[in-house]
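Undergrad: Residues per chain, in single letters:
Protein chains: 2
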Amino acid sequence: MPGSPTTPESLATTPGELEERANAAATAFVEWSTLAPRTRARALVAAADALDAAADELIPIAMRETGLTEARLRGELKRTAVQLRLFADVVIDGEYLDVRIDYADPQFTLGPRPDLRRVLTPLGPVLNFSGSNFPFAFSVAGGDTASALAAGCSVIVKVHSGHPELSQRTGDVVAAALVGAGAPSNTLQLIVGQEQGVAMLRHPRIRAGSFTGSIHAGRLLADVAAARPDPIPFYGELGSVNPQFVTRAKLDEDLESICEGFVASVASSAGQFCTKPGFLFVSDAAAAGESIRVAAEAVSEHRMLNPRIAQGYQQRRAEVLATPGVEVLVPGTVRFDGDGQGWVTPTIVSTTVATLASSGPRLLDESFGPLAVVVQYEDESQLADLARRLFPGNLTGGVHALLDESSPELVALIDQLRQCSGRVLFNGWPTGVAVTPAMQHGGPWPATTNDAGTSVGTAAIGRFLRGVSYQNVPQHLLPMVLRDDNPWGVPQRVARAGESTTWGERAS
Amino acid sequence: MPGSPTTPESLATTPGELEERANAAATAFVEWSTLAPRTRARALVAAADALDAAADELIPIAMRETGLTEARLRGELKRTAVQLRLFADVVIDGEYLDVRIDYADPQFTLGPRPDLRRVLTPLGPVLNFSGSNFPFAFSVAGGDTASALAAGCSVIVKVHSGHPELSQRTGDVVAAALVGAGAPSNTLQLIVGQEQGVAMLRHPRIRAGSFTGSIHAGRLLADVAAARPDPIPFYGELGSVNPQFVTRAKLDEDLESICEGFVASVASSAGQFCTKPGFLFVSDAAAAGESIRVAAEAVSEHRMLNPRIAQGYQQRRAEVLATPGVEVLVPGTVRFDGDGQGWVTPTIVSTTVATLASSGPRLLDESFGPLAVVVQYEDESQLADLARRLFPGNLTGGVHALLDESSPELVALIDQLRQCSGRVLFNGWPTGVAVTPAMQHGGPWPATTNDAGTSVGTAAIGRFLRGVSYQNVPQHLLPMVLRDDNPWGVPQRVARAGESTTWGERAS
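As given, the protein sequences belong to chains E and A, one line each in that order.
Sequential numbering of the first sequence, starting at 3, is according to our numbering.
Sequential numbering of the second sequence, starting at 3, is according to our numbering.
Some hints could be false.
Identical chains blur together in the list; that is why a pair holds if it fits in one copy or across any two.
Below are the SDA-like pairs computed for lysine to any residue, each with C-alpha atoms no more than 20 Å apart in a straight line [unchecked claim]:
(1) K80 - P326
(2) K80 - D487
(3) K80 - L257
(4) K80 - D174
(5) K80 - I61
(6) K80 - G113
Since the hints were derived computationally from the structure, they do not count as laboratory data.
Take the sequences, apply the hints, and build the full model.
TA: What follows is the structure, encoded as structure tokens:
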């Protein structure tokens with residue numbers, strides 16, 4: 003997605019404040035990271051409750067600052083609160099700690115083995131850059147914050163300039179709730195300003211970064227994190243075009259509902275989702291075009307998040323429309339109001355595989371907004387190879403097929419989508435990302451800067467942890483979760499003495 | 003550790019060969035990554051068996067090329083084979099896949115939840131830069147190779163110039179064994195040459211890198227990986243000084259055995275270990291010095307790995323000896339033979355906390371070789387803070403204390419060592435790293451470029467995997483490990499319908 007509004011000088015965090023907050027985050031970390039799981043979980047639930055309670059205050063601010071609808075924002079706020087509660091459960095479960103205990107083994111195959119106990123430990127203060135398009139779910143109290151807090155890290159959020167007032171109020175509400183439930187002061191803090199964000203990412207106190215936004219900004223920040231004297235992990239969620247592939251048989255049977263679903267997914271929240279389906283591959287673009295036109299007529303105008311994003315969209319749309327070989331199915335509109343806000347309806351075009359392949363980034367790059375491309379393919383046997391060549395890194399990829407289809411072409415396509423994306427959908431649309439243990443939201447570059455992580459779902463917590471082993475440390479000096487009496491009842495995976503003698507035998 | 007011998011032009015991989023091997027690795031990956039677990043495990047065991055069988059051929063080459071002793075090398079080869087067998091078991095267990103299944107849930111708290119199934123999937127071809135100091139265990143068939151192969155990745159090893167013939171023979175033996183057991187050709191390949199390694203790290207086919215070596219080279223390669231058009235994960239294991247702290251009570255009771263253990267750990271394999279204890283903090287350096295002198299007398303001369311490393315050690319040792327405030331406990335020796343090989347005995351010096359803190363990198367940097375510093379401290383209450391300030395990133399840190407000690411100073415020190423290292427030892431020496439599920443070999447920068455990983459132990463496999471979710475995909479199109487009938491019997495963690503209604507309740 004393109005750039006963001008500039009922050010007024012007066013609101014920006016000063017260098018002195020940056021230093022104070024970095025140090026305060028380090029101080030908070032010491033206490034927050036060592037709280038009992040139930041205390042940390044209670045603080046997360048308190049934050050969720052406080053968000054729910056503040057809904058009627060926060061929603062109108064969010065509507066004004068982002069142009070998103072009340073229904074959408076209420077859903078998003080609920081999701082944000084639910085996410086905090088889910089992570090509270092993760093903290094109490096303790097499975098995420100991946101506790102491993104190897105009992106001492108005098109008969110170990112390589113000579114006596116010491117008692118070894120490994121646990122994942124939080125990294126330290128985390129800096130989150132919040133996104134513009136999810137003012138709750140990928141912002142101050144969103145997934146990155148929830149997972150870092152759950153991991154035991156203190157958090158500094160670089161607020162998004164598109165919703166500064168909402169960010170401040172959300173920060174106040176959540177920080178107060180955390181402290182009220184026993185968290186140390188400054189477990190969650192905010193900073194304002196783009197340069198300030200970069201400066202903080204370079205600060206020695208910061209031990210990891212996360213980000214949701216454009217490829218341009220994400221790459222810049224990833225490079226900053228990697229170029230530090232001590233490089234730190236940086237989890238950026240950047241661009242994705244989420245290609246969808248419809249088999250011939252499925253199109254024949256469900257043409258209309260597929261086209262309706264596609265338009266709804268493209269148009270939802272003015273297409274301002276990293277999971278918006280940017281490409282729909284069909285065997286009959288003319289027939290699909292008809293149904294898409296009908297479905298698009300019902301879509302009403304939607305405000306975009308901010309003037310800069312609307313201007314970027316206007317430009318990108320013009321570029322796509324002017325590409326040779328592109329036909330307009332639904333022209334769509336872009337209109338600017340007196341406040342400079344852009345209002346849009348969907349633009350959907352069609353082209354052929356040949357044109358798509360030859361036009362390069364001009365068509366293949368993400369269009370952040372309600373624009374999508376229908377691609378006419380000749381033969382299903384092309385699809386896996388097209389996915390490989392044209393879409394090397396995406397958050398999601400989808401197939402639409404009959405439930406009993408199992409052609410080699412379909413099998414190959416699904417396997418290719420696994421290789422080039424983080425989530426493979428069947429007969430579904432990628433927008434609407436479930437917050438659950440099995441969700442993966444992250445994929446090969448440029449979908450994310452680091453596809454070892456997910457930014458949605460409980461596996462997101464792993465981004466802010468690293469392993470540490472204790473060797474022969476007496477029980478009373480071990481962390482609670484590594485002790486034999488296991489007072490917090492976390493899952494412990496145990497390797498008993500004598501096991502090494504049979505290693506490799508199961509393979510034969 | 004310092005630089006390495008130069009590779010003769012004639013042995014270096016040509017640009018054409020680099021391209022061929024990258025493509026061959028990508029081809030091999032397609033098949034290797036989709037083999038049934040038992041087949042992949044069998045291939046790993048076959049590689050282990052082949053290494054064992056080739057011991058009498060490989061060991062003499064290793065002795066000649068590295069100067070390490072036969073006993074050490076036989077132990078290391080055994081460890082390398084055992085490691086492959088351990089990873090074979092990991093592959094069959096399937097726990098490493100972290101399979102998560104969320105059943106569809108029409109009552110899900112945020113609206114109907116689809117069926118979601120998540121598994122870790124291999125990244126693609128991996129490039130390993132092998133280390134000089136473990137010609138088996140961190141080289142062609144070492145931990146990085148074993149864990150990447152176990153993950154389902156094909157592997158290209160950039161061989162170390164210090165043991166070229168051994169690398170080639172090991173590569174031949176292991177590659178043949180893999181193919182003989184059903185692996186595709188080119189599952190394991192070698193390349194030769196430093197520039198060639200850098201070029202390969204930039205190759206689009208390579209999806210991850212790993213490395214064991216110096217901070218200088220590791221940083222350079224980490225920067226190359228991060229600067230690619232598509233950044234890839236890079237797991238480098240660099241420098242570490244492994245500080246050891248002895249409580250006053252422990253020194254009083256076990257002075258002699260501590261000093262003996264320290265000298266043995268410093269001198270082992272001429273101190274050419276990333277886990278060599280570089281610093282020993284004691285309350286009475288004079289008393290310790292006496293016992294250390296006695297222990298050091300028994301150490302015989304040992305050849306260093308190669309002339310460049312010996313020259314680097316000679317220089318580094320001179321720098322330490324010339325540092326104001328440093329007293330010599332054991333002068334040690336460096337002697338070059340007619341072949342230019344360096345032969346050494348341990349050099350052990352002592353200093354005070356004040357001198358150490360004020361002399362900076364001159365004393366604090368790693369000395370790759372049998373040199374260590376005994377540091378006289380005044381008060382145990384200093385130690386945690388010293389660890390924090392002077393040793394921010396290490397593979398290991400150790401305390402030596404009585405079994406029933408539990409002073410606040412000791413508790414604080416152990417907690418600090420957790421924060422600044424990957425393994426905390428109690429009454430033990432860091433050299434000799436057990437290959438087990440609970441081992442952590444990796445720590446904050448500069449111990450490793452990325453402390454999310456470990457390069458020893460079964461958790462090492464996670465470095466070469468990323469998550470992928472399948473949404474509503476019919477059973478017959480799912481990977482085996484995600485199917486309800488679970489034909490390979492891997493652990494599946496299931497979230498059943500209805501669970502979301504109670505999220506957060508456990509915290510209250």
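Undergrad: Classify it for me, K80 with P326: is the Cα-Cα distance of at most 20 Å met within a copy, between copies, both or neither?
TA: neither (44 Å within a copy, 64 Å between copies)
Undergrad: Check K80 against L257 for me: Cα-Cα at most 20 Å, and say if that holds within a copy, between copies, both or neither.
TA: This pair counts as neither: shortest intra-copy Cα distance 34 Å, inter-copy 62 Å.
Undergrad: Are the CA atoms of K80 and D174 at most 20 Å apart within a copy, between copies, both, or neither?
TA: Within one copy only: 18 Å inside, 59 Å across.
Undergrad: Have a look at K80 and G113 and pick one of within, between, both or neither, based on CA distance no larger than 20 Å.
TA: between (55 Å within a copy, 11 Å between copies)
Undergrad: Evaluate K80 and D487 at a C-alpha cut-off of 20 Å and name the case that applies: within, between, both or neither.
TA: neither (38 Å within a copy, 35 Å between copies)
Undergrad: Are the CA atoms of K80 and I61 at most 20 Å apart within a copy, between copies, both, or neither?
TA: Within. Shortest intra-copy distance 11 Å satisfies the 20 Å Cα cut-off; inter-copy 64 Å does not.
Comparing the model with each numbered hint stated earlier shows that hints 1, 2, 3 do not hold.
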